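Undergrad: Listed in order, the protein sequences are those of chains V, C, L and R. Everything in the first sequence is counted per my numbering, starting at 1 for the first residue and increasing by one. Everything in the second sequence is counted per my numbering, starting at 1001 for the first residue and increasing by one. Everything in the third sequence is counted per my numbering, starting at 2001 for the first residue and increasing by one. Everything in the fourth sequence is counted per my numbering, starting at 3001 for the first residue and increasing by one.
Be careful, since some hints might not be right.
Only some residues are given here: those of chain L computed to face chain R with a beta carbon under 7 Å [stated by the list, open to error]: (1) A2187; (2) T2188; (3) L2238; (4) Q2284.
Hints are computed from structural coordinates only; laboratory data are not their basis. Predicted, not measured: the structure shown is a model, and the values here were computed from it. Where is the CB? At the ideal position from N, CA and C, for every residue including glycine.
Here is how the chains run, residue by residue.
Protein chains: 4
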Amino acid sequence: MAGNSFGEIFRVTTFGESHGKGIGVVIDGCPARLQLDMSFIQSELRRRRPGQSALTTQRQETEEFEILSGVLGEQTTGAPLTIWIANRDARPADYTHVATTYRPSHADYTYEAKYGIRDVRGSGRASARETAARVAAGAVAKVMLRSMGIEIGGYVRQVGTVAMTGADRQWPLAEVEASLVRCPDPATSASMQAEIERVRDLGDSLGGVIACVITGVPAGLGEPVFDRLHADLGKGILSINACKGFEIGSGFAGAAMQGSAHNDPFVQTDEGVRTTTNHSGGVQGGISNGMEIIVRAAFKPVSTLMQTQRTIDQSGQEVELEGKGRHDPCVVPRAVPIVEAMCALVLADHLLRHRARADFISR
Amino acid sequence: MAGNSFGEIFRVTTFGESHGKGIGVVIDGCPARLQLDMSFIQSELRRRRPGQSALTTQRQETEEFEILSGVLGEQTTGAPLTIWIANRDARPADYTHVATTYRPSHADYTYEAKYGIRDVRGSGRASARETAARVAAGAVAKVMLRSMGIEIGGYVRQVGTVAMTGADRQWPLAEVEASLVRCPDPATSASMQAEIERVRDLGDSLGGVIACVITGVPAGLGEPVFDRLHADLGKGILSINACKGFEIGSGFAGAAMQGSAHNDPFVQTDEGVRTTTNHSGGVQGGISNGMEIIVRAAFKPVSTLMQTQRTIDQSGQEVELEGKGRHDPCVVPRAVPIVEAMCALVLADHLLRHRARADFISR
Amino acid sequence: MAGNSFGEIFRVTTFGESHGKGIGVVIDGCPARLQLDMSFIQSELRRRRPGQSALTTQRQETEEFEILSGVLGEQTTGAPLTIWIANRDARPADYTHVATTYRPSHADYTYEAKYGIRDVRGSGRASARETAARVAAGAVAKVMLRSMGIEIGGYVRQVGTVAMTGADRQWPLAEVEASLVRCPDPATSASMQAEIERVRDLGDSLGGVIACVITGVPAGLGEPVFDRLHADLGKGILSINACKGFEIGSGFAGAAMQGSAHNDPFVQTDEGVRTTTNHSGGVQGGISNGMEIIVRAAFKPVSTLMQTQRTIDQSGQEVELEGKGRHDPCVVPRAVPIVEAMCALVLADHLLRHRARADFISR
Amino acid sequence: MAGNSFGEIFRVTTFGESHGKGIGVVIDGCPARLQLDMSFIQSELRRRRPGQSALTTQRQETEEFEILSGVLGEQTTGAPLTIWIANRDARPADYTHVATTYRPSHADYTYEAKYGIRDVRGSGRASARETAARVAAGAVAKVMLRSMGIEIGGYVRQVGTVAMTGADRQWPLAEVEASLVRCPDPATSASMQAEIERVRDLGDSLGGVIACVITGVPAGLGEPVFDRLHADLGKGILSINACKGFEIGSGFAGAAMQGSAHNDPFVQTDEGVRTTTNHSGGVQGGISNGMEIIVRAAFKPVSTLMQTQRTIDQSGQEVELEGKGRHDPCVVPRAVPIVEAMCALVLADHLLRHRARADFISR
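Using the sequences plus the hints, can you model the full thing?
TA: Structure, rendered in structure tokens:
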């Protein structure tokens, strides 16, 4: 209700602040006897961590995590599974200069309007540091989904005006991770990197687009009419910091097509019912149809600039805001594991939701 | 959990099938002593109804509604408010020919995969007829929001490849309703109408884009971190039939901008804190900032064509599917009140959610 | 959130008022392809209906029901299942004399305090007529539970000071229904009937105690720590009108026992693990243990008396309240199917909740 | 859904195991800018802690707590408030002897039946140690309620067969805490203490009854029809370990009364509408009526005995279970702050739930 939980059965609740003691997550509803892979959880957290390259913020966090509850040995017990990631390089004092100022396009003003108080230490909950908890929980969900053959792979399609071409597909993780910007096409990756460096040197920032492709999803997941699978994917992804748009399958481009071109014809194959095209993006009527699920998310450019900006303070006075601190000129590469995590959380939840009622009366 | 409810406090549950007895909605959580406007509810239902023009399906529904509970006189009592819209022109027998066939890009296959049974009568719950209930509930939400000065106005921005230009804004309802396609720009409206007629005569269909602008929203609505206001708007709108994409503010275009151009500078005005641009679309950090909320939704072309299509049946055999029945060549104009209704439901809910805790300790 | 829904997966929402158009319920989350038994639903409603004997209110309701949605033939589709029971013998005008008066121990004053408006027509939602919807939904849940071998049987243990002795057990339905007061012990039943008649003739009313025994529940249902099976049974039953107490197994009597006498020893039997006594009432640590579930509920005497009472009106003035209208001198016999219905709803929900995660990793 | 959360708006999620790293709670939905009283939270935890007297388990826990998130200075920020209580005297090895044995009336068998795995370290989540988290969260709720004038006071009414007489009322905290068994009547307290010592020396255990009285609750809290205030109080209290019964107001005794004696007459007083008796226990129609709320809870005797018991092991073999370890012969005195905490959580939640919609249209 207060917005820090996500999911109905595989339900995560995140807590903690960017420059407080740390970031945590409780997963309530993870099935029992799941064999966790601690090094995988760690590697997922490292994909998101700050300080991973010259293109990202220089805040240094090793993202070492601790499991506080819910696990015996490396096996889940069915009890709430809590993961805690202590902040190692928090610098709350770095934010003294913005304590009474509303940074443009940040959440300073809106948090103050809502709560009458604002955690000025790196924006508290409004910081993308909160997403470390999502990535940790998403790693647990990925372990669970993998046991069912479901794989999730995201990558950067666009940075600023530099974009990959071609249809979205699931790229091998190694090819994505080989790129500093997580774009699996080497030429585009190089252009994106150059563009980020150019803009960083201007003290400016860039947005971009992430695509995420999910394979191995059985037909039948998603709950009509409001909790359609893509509506929950959309909500989950739109809840990531800086995300301003979401589409599935043909998305906005599909609005310009005619039905005869857009419809996906069904065929019977050795692997079951399939469609010859996939403009639906793997979801029809809100329910997965067994094809690849293909989603895309638009991220605005980061609000923090290394430039002086004019704004106002709490008293309504105009002030000049100096550009300083440790920030990413473009968060899109680091957002890839976050998008994947939100997809994993949605699918894990819908898998269990479906399981509750599926084939109660045997077919 | 089974997906037919939406909202946390202002919570709606829809029920009923396209070619069953009717469509209904229970609103649980409407404040007491709200003065309903029955003719307004009726007019909203008529904006969505089939048979309203030569461009829409010829199914004839007057959409007369009955209030089953929750109202004394025309005042809400705080009890669950139930609205029932009987189906007057249902023709379940029209669907006999598709009882065992999976229509391309319909929900036939996925419902069968999920439930092991399919309501073949006009697709049952998968039909957009379900959205009549949303429009009825949305009308109640609009009455509630109006009492707070909040107004919601949608319109068609694009049909197929024909699109309006210019920034999104709230148009007077009369200018939107004056257009058969609900596009407030007369020239574009005429082109859209011609395009729909052209495609209809081919037995084909079209998609499009709807914009919706919400004014009068106070700063402070939305619950970080998962239930951000735009994430819930996104989920609500993506749960509408045929919707494949959602964006707020700068959306996908914003991904190509630089931060220095995208940031919305704050200024102090007589009406309070405002921003000089609104790339944020009225939401920052997931919380409304007092500016206009601007969202857009992409709709794919209708799946039902008046053309013969190849597909398969339940046994996996290839079959030819004849194009027949009563359908819209382009549902986008009729989806405008549905998009508005989902926005109204999200805002009514977040208004009450915020109210629960806001200023518990007085400022 | 506004309190008219119950259950997480098998989720019911009731609506309608005592002297309005009727009473309804939406069940969202019923598994698909369940074969309903319409005559059973009808017979359950008739067990609760007014006018069934000389001991009950003379309001005449046939309790004919109509299924508005969610069923094809007599099979559930997985869509929301809505049942509507029109009021046939409503007399809203009967309540004019209490429109401005607070009847003692009724909900008149509290509804007005909460909502600022009160549905004076037979108390609206506060009337036990709302429970007709619960019985209808409970009948669907019973059909579902029976397919798993789970049976629920309630009966009246005590009326006023007249009580059965002996341990609680599941009595054959016919023996319970053979008694006008639903007490399966003929001698006690006769005394109870005499006591109700005596008190009715005084214009007074009586309370009592219902026991309910559930057989066939597999071990493993219930979700620690807050949603323990007996905590949800308790909540469901305490939400029935006039219920003031709930206990499971040894209950309040168990508080006076020593642990060595109270502990239930485990033994291995051909039917699996059992206990030789059942002071636990079938639930240990909040989870069913495979033994009979035994609960009891205390009901206060009906508030409406056929006597003159002193009270106050809305303006705080003392007034005399005349005893008139159609009411039960003792509702306990009619509450038996309601208690059973709430047990059925809780078990159906917990069965599906357990199913969502049970043996995700095979044992 | 998985049962470790409680409340709709003021929502707590507990995590941690009895002999794991510690016990924690996330409160999501606490209003912002509440001034916490850390020494009060500490004192509440100490009221529940083990090792507080010769009558309780000798496990030594100082119950020092740490706030992990949600607080700036001593003020809540509106973000999730997390409290962590590290285990200081855990001895997981103490449970090796019961790793494969089902202790009578413990949750060993049911957890294994449900999850296929059991946290043998002191029963993990099934241990009453989990309730430390509830007491911590309840202390925050009490701070919030106190700012509204609501006070909660519990005490022990009965231990085994030794019981206080007289109507329930709110006793001064000092008088309750002056008694080792938390019974404010000195003579009864002495008898209870003697009874516990007698039974402890036999290696046996005792149950009892706790009464809890809540003052200052405004009329209007509670959500009909399922979330009646006393139904939620009942659920919350029944979810406490070893609780087998709950009643409000007249409870089970009320079942034997006649309506003319049970009805609570309304009168107008200088402090508003009151009733001259309070058999309703402060709740009518599921909504608070402004009178004292009076509830009672029955606790069974502790399952762990210092006696040898016969039971079975996982393979179904009969075994002898030795009595050893650190345990309370009677947990009822330590359960008083837990009962109070659950009442505080229910009231805090219902206060915020009511606030969401109350007087949306001004009266």
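Undergrad: A separate judgement is required for each hint: does it hold in the structure or not?
TA: Status of the hints after comparison with the structure:
1. A2187: Because about 19 Å separates A2187 of chain L from the closest Cβ in chain R, which is outside the 7 Å limit, the hint is violated.
2. T2188: This hint is violated: T2188 of chain L lies away from chain R, its Cβ roughly 15 Å from the closest one there, beyond 7 Å.
3. L2238: holds, 4 Å
4. Q2284: holds, 5 Å
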